[in-house]
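Student: Chain A is already provided as a structure; the job is to place chain B on it using the hints.
2 protein chains.
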Amino acid sequence: MNTSSNSRSSRKPVAQDRRSVQKDTPATPVRPQRAAFAPVGRIPILNVSPVIEDGRWAAKGTVGEAFPVQATVFREGHDAWSAEAVLNRPDGSEAQRVRMVDIKPGLHRYEGWLVPDAVGEWSFHVESWSDPYRTWEHDATVKIEAGVDEQLMIDEGVRVLTRAAENMPEGSSEAQALTDAVAAMKAGGAPSSLLGHGISSAVKDALATYPLRDMLTFSAEYPLNVDRELALYGSWYEFFPRSTGAYQNSDGSWVSGTLKTATAELDRVKAMGFTVAYLTPIHPIGTTNRKGRNNTLTAEPGDPGSPYGIGSEDGGHDAIHPDLGTFDDFDSFVARARELDLEVALDIALQASPDHPWVKEHPEWFTTRVDGSIAYAENPPKKYQDIYPLNFDNDPEGIYVAIRDMLALWADHGVTLFRIDNPHTKPLEFWQRLLAEFREKYPDVVFLAEAFTNPPMLQALGAIGFHQSYNYFAWRNEKEEIEEYLLELAYDSDHLVRPAFWPTTHDILTPYMQRGGVPAFAIRAILAATGSPTWGIYSGYELAENIARPGAEEQIDNEKYQYKARDYSLGESTGITPLLTKLNAIRAAHPALQKLRNVTIHPTTSDKILCFSKRTREGEGEQDIVIVVLNLDPFITHDALIDLNFAALGLDGYAGRSITVHDELSDQTFEWDQRPFVRLDPHGSAAHVLSVRVS
Amino acid sequence: MNTSSNSRSSRKPVAQDRRSVQKDTPATPVRPQRAAFAPVGRIPILNVSPVIEDGRWAAKGTVGEAFPVQATVFREGHDAWSAEAVLNRPDGSEAQRVRMVDIKPGLHRYEGWLVPDAVGEWSFHVESWSDPYRTWEHDATVKIEAGVDEQLMIDEGVRVLTRAAENMPEGSSEAQALTDAVAAMKAGGAPSSLLGHGISSAVKDALATYPLRDMLTFSAEYPLNVDRELALYGSWYEFFPRSTGAYQNSDGSWVSGTLKTATAELDRVKAMGFTVAYLTPIHPIGTTNRKGRNNTLTAEPGDPGSPYGIGSEDGGHDAIHPDLGTFDDFDSFVARARELDLEVALDIALQASPDHPWVKEHPEWFTTRVDGSIAYAENPPKKYQDIYPLNFDNDPEGIYVAIRDMLALWADHGVTLFRIDNPHTKPLEFWQRLLAEFREKYPDVVFLAEAFTNPPMLQALGAIGFHQSYNYFAWRNEKEEIEEYLLELAYDSDHLVRPAFWPTTHDILTPYMQRGGVPAFAIRAILAATGSPTWGIYSGYELAENIARPGAEEQIDNEKYQYKARDYSLGESTGITPLLTKLNAIRAAHPALQKLRNVTIHPTTSDKILCFSKRTREGEGEQDIVIVVLNLDPFITHDALIDLNFAALGLDGYAGRSITVHDELSDQTFEWDQRPFVRLDPHGSAAHVLSVRVS
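Protein sequence lines, in the order shown, are assigned to chains A and B.
At position 353 of the first sequence the residue is numbered 353 (the numbering used here), and the sequence of numbers has no breaks.
At position 576 of the second sequence the residue is numbered 576 (the numbering used here), and the sequence of numbers has no breaks.
Here chain A stands alone, though its shape is the one from the complex:
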């Protein structure tokens, strides 16, 4: 790490305390650099955001998505000032510059939205300056209106405009506009008329292009990692390849699905409009202490075991389960996915069955107990004897290289997304290093963190480089908590974490989903598909599979532990398959649904009816506004009046008038005023997903 060369940092604490003699700790752990003092600057710029860990780590940006830069900018006395947010490309060149707006008058909190247009390590900063033209404009307007110092103010105006003109390119139309104004002001006349020349729109437009910037002041520069759009926006479909095409023989034994049958499944995935095909682990499965059906401790003959119990004599994380096929089959799977414009996600669980080759080749990668045995996973007193966790501290370099190379193998075979199982049980410094190396060598590869854990860990995994994250969506079912969560994800943690909304997974079947019948599956699909740019569906959702294993919040007869054949044609009769298809089509057609930082909540008169909207910002392409109104109660019809926030929708001009909204779900069109009435039946159509048609 860096050692600062400035004088303050040379005064590092000296290890004096006798307890510092720590025999088991490396002598020189990395210590982050102490920040160097910097003066406040002439026009202060304070509390810039987004900033992570004092600017040591990069905030998240996505190609094509606007992100907000904020800063507190102010100055002494009464004179005017302005501020701009500036976006810098990885090579340091300036990509974009926007005038910031005071969004909290009285607190001088300024905001500007910037849009990066390529992947890479970008940065941003803020500039402020004294604005002599706006100072004069204010003073002259007030004083001439009051009949005070009239000629003096005109003369001062001539001075500031002359100076501004000299600051513009010679011969430019802007310089000419100012020269003309100066000539008119010198020509004489009524003071208010002379003032009019000085504050004309031609003058103001010229100064917007070439502002007169005195006392230019800079903030520090802050890093922004820009990822490809798939890091933010994607529609995932999860399935167990062995379940595809699996069938039961007449003797009751099962024949496993394969990568070939999984390849056939891709057409169905594509037909529903998904963009990512996500495979649970495809590696060989251990036999020692293999789990049986419904998570029983003993497997029966023929039980295939959990694909998360990875590794056997057939190989480990870099191998394919022989039942599923070969690398050639995998390559064919990827090739077919590409033909269909699908990207392939692979589930990576960094743990070993007792039969994993690593156990024999690298017993030092695991924890050896005092009796010489290798420690299995535990959460005392619970034991998980089919799994050996890696001990990343025993040989950090060896383990790092093995995992990096294993992931590179899959990336080289065309995997562009890794769904990382339980990253919060591995050291964060491991992930930070790995993600940095992949960002450099495989900038197209996206990592999804499956860390259902406390908020600091969930957010830290995002902050150190995971592109997107599972989160608490599945457990947010009440209107108020959903509203809060949408806002938190869009505006509080957006620089740290990109959300993925999954109504269910192979591990998650919440009480809401267990009890709410088919309507619950419809409601939660609509909310996931519209509430987050990335959403995911676990296969079987089409069938509204909602029976839980007693005592657990996951599916009974879970395909983690057994083969599962499904008749997806039933998905038509539940209505869920057509709904998923329609939702993905709506998402594809509406850029507003592909962005995160653009949610507005609209109050309604019912605590069961949620209303929110999303709309594109400047620089994000065409204007697009979507309003979602959703009955959260899967049992009965509710109605409500909605207080639409026209200003937030960008519809200030429509106050007192009506707008045309088109329901993309029902294909109906309505004329809505600012307080529309809705009635939503969960057994009919639980929601409106409305596109606003602005004339």
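Misleading hints may appear alongside valid ones.
It does not matter which identical chain is used: a pair holds within one copy or between any two.
Keeping only pairs whose Cα atoms sit at most 16 Å apart, straight-line, the calculated EDC-like set for lysine to aspartate or glutamate is [as the list claims (entries may be wrong)]:
#1 Lys-479 - Asp-567
#2 Lys-479 - Asp-624
#3 Lys-382 - Glu-145
#4 Lys-204 - Glu-364
#5 Lys-382 - Asp-251
#6 Lys-608 - Glu-483
#7 Lys-383 - Glu-150
#8 Lys-270 - Asp-673
#9 Lys-186 - Asp-371
#10 Lys-382 - Glu-150
#11 Lys-260 - Asp-329
#12 Lys-360 - Asp-314
#13 Lys-382 - Asp-79
#14 Lys-270 - Asp-405
Since the hints were derived computationally from the structure, they do not count as laboratory data.
Since the structure is predicted, the reported quantities are computational estimates derived from the model, not experimental observations.
Tutor: Using the frame of chain A, we list chain B on its own:
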């Protein structure tokens, strides 16, 4: 400024934008250094506080006052970890180290309180580590209780304790305690009994002294400027020296008070228990456009003018008004103050009357208008023609040196506090430089900012170095807003700003004070004296002077513009003089009232009865607890039940029992349970100021 040597910073944006060609701006403004990347570390330490501007500026610390260090500390998986906050002296040596406590379980927010003991540029950081002993303690306790892996867990304990003993000084009693435990555990017996040896208090005490710290991880180091106690705790008394001993001749003309009469006044100031004598400006006063009585635009003959209209042919800021006396008189004033253990504060208003020597000698220090005249102060269309503001941008270096040397002159004559008038109308970079130089050369000198302005400016002035600040206290009169403000000052802005509570000043007489009669003066004095470590009283308060000039929120016949003779003996009859005296005595006797970061609000059943407490923390000297209960209504009696928070008072052990409280105002003693009843009459005694007597 520093130019970073790391590779990221070399990619500074290149000036490409054509608008960057700014002829009026210096070519290379200072740009704060970009932070260097730092890895997350093995046991992550995130979001450390207090941190200002990414650690570029120092947080505020005071000699003898505890301050809180917080950080989010967590790790992967299930193993245990610990964290310590570490305080480092200006020379880099370690001064103090405390174990941090998780104050928001589930969010892993850790806190530790540190107490610096000398003035200077200190720093702090956080250390975290894997705690193998606590991991074993947890696992072994759970598993042995469940009858699982009993001998294995004992053997693991032997291993960790043996390792811990090796980490302790040879021959220490701590090492012996562990060696004994290991021997007992090896001797055999019932598992629970063997476990008992491993988790005995002797073992835990030894490990508290010499913890086994694996994977030691460091946060960055953050700066803390530690000031003398007077920066935090002081009792100010403000007066106009010319009013002391001023009298009217039989012809109606006035004779000015002098520094000699002001010196005589010190005995009265001291008798009331104040510790700072604060003089409004003592410099020569201009005659051009001099203001008359009650802020009229034209002075009558004999009107002395405002001491804030500084400068005449008799001199400027480095001179003394001839009516007041000489530097010898000033030195005598300071000497007498020192005899009385009073420190001297001087009011500094950095502005000039048209007659100030600077106007002739340095017209370039002011703003010249286009007509060649010097610009007077304005807030268009208002004009203040008796005042020329300095233009700090015209000759920054010349003005800086002049002001610095002027302040040094007064400091050399014994002034130890400067009350800075309207610092928010001067550039912040000027103050930051000045305060840094004074902190180095005159570390005992305290600067008080009089910036009644927006919160960002008020807080930024503190952040760049002002020791203490006037604030919004005078306008916080309702219970809820007072509660919020006390908490904000104690825990949100404490690292930025030290408050000074002034019920009135020569500029401020709020509607509450105008209407509430003598009780209002009593109530606000009690609140100011107990709510903030620094409070101040403007002379005349003793007499409950509460008549405002019509249309203004300040005194009629304000002594800013005229002589004012007072009969302070009337202060006895109002009861205010004895109250001030008693309040200062209580403050002196109770260290809890001398600290900022120690407020607890206790709910009451009345919206007019406020209850808060303060208590000393570990390292701040003797245990001291003060409870204040105050009727905020100056008109009628209110009663209430109070929900005392015994835990916050450190009285957990008293749940269900009563405590003895002594009212320092009335000298009464009460026995209080956790829900005492109070009735407070603003015309009798509006408050209890209770010392808790813990047996």
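Student: Against the structure shown, which of the earlier numbered hints fail to hold, in ascending order?
Tutor: Structure breaks hints 1, 2, 4, 5, 8 and 14.
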